[in-house]
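Visitor: Note that the sequence shown covers residues 2 to 230 in this note's numbering.
The set of hints was computed from the structure by calculation and includes no laboratory data. Note that CB positions come from ideal geometry on N, CA and C, so glycine has one too. Mixed in with the good hints there might be a few duds.
Unchecked claim - Simulated restraints on C-beta separations:
{"hint": "1", "residue 1": "V106", "residue 2": "D215", "range": "22 to 28 Å"}
{"hint": "2", "residue 1": "F149", "residue 2": "V92", "range": "30 to 36 Å"}
{"hint": "3", "residue 1": "F153", "residue 2": "K115", "range": "48 to 54 Å"}
{"hint": "4", "residue 1": "M40", "residue 2": "Q100", "range": "23 to 29 Å"}
{"hint": "5", "residue 1": "V92", "residue 2": "K200", "range": "24 to 30 Å"}
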Amino acid sequence: MSKKARPGVQVRRFSKAFVWAHAVNAISFFALYITALPMYTEFFDWLYSVLGGPANARLLHRIFAVTFCTPTIIFLIFDRKGFFRWMKELVTWKKRDLQFFTEFVKELFGFKFKHVRQTFFNAGEKINSILQIVCAILIIGSGFTMWFPQLFPRALVQWGYFFHNVGFGLAIAVIVGHVYLSVVHKNSRPGYSGVVTGKVPAWWAKSHYSEWYDDEVKKGNFPDIDKGA
């Protein structure tokens, strides 16, 4: 059934635990970014007056560094099933996942494309998740050596600064792409509500995650919009 036929029907895509974990992750990363800028370059020294001075900026950076570590814990505790489904999806790759990228490139640049049947996460979201996990490991691991240099060899601490910058730079690139596709791009923008309310339009979920949607219909969880149910 078309988007115009049933524009108001929504289905739950993400649990409340995921929504909260995503919000904490986003807010923490943004706060870390802002508090780190004056530490990287004098160009942003003016931020010190906003943040309450250099000492307070470092304190805030460490506070948000701790909160940045909590989203996985929130997700794991309050939605264990969803967490392990996410992990399983990241290591499950099939031919359709590779086919997804061919059509995705066409979609990204506005050419005619067809939807490749996908499960709960499409191949692009899997890559995004993997990259974000790698970035988080680099940022948290290196940040720990920088916070407690007395516990580690000097060489490891120095490498920590290098990998912190690498993780930070890569994370910025990943997040810019993530925000563009979730908020700006017209074909994926309808799914943005999923990380705010947990729900997305049924027509959008059906077209982007056909296999997952059809499975939920069989379980009686989602309406069969093809039949107008």
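Visitor: Hint by hint, say whether it matches the structure.
Guide: Here is how each hint holds up against the structure:
no.: 1; hint: V106 - D215: 22 to 28 Å; verdict: 25 Å, holds
no.: 2; hint: F149 - V92: 30 to 36 Å; verdict: 32 Å, holds
no.: 3; hint: F153 - K115: 48 to 54 Å; verdict: 52 Å, holds
no.: 4; hint: M40 - Q100: 23 to 29 Å; verdict: 44 Å, violated
no.: 5; hint: V92 - K200: 24 to 30 Å; verdict: 27 Å, holds
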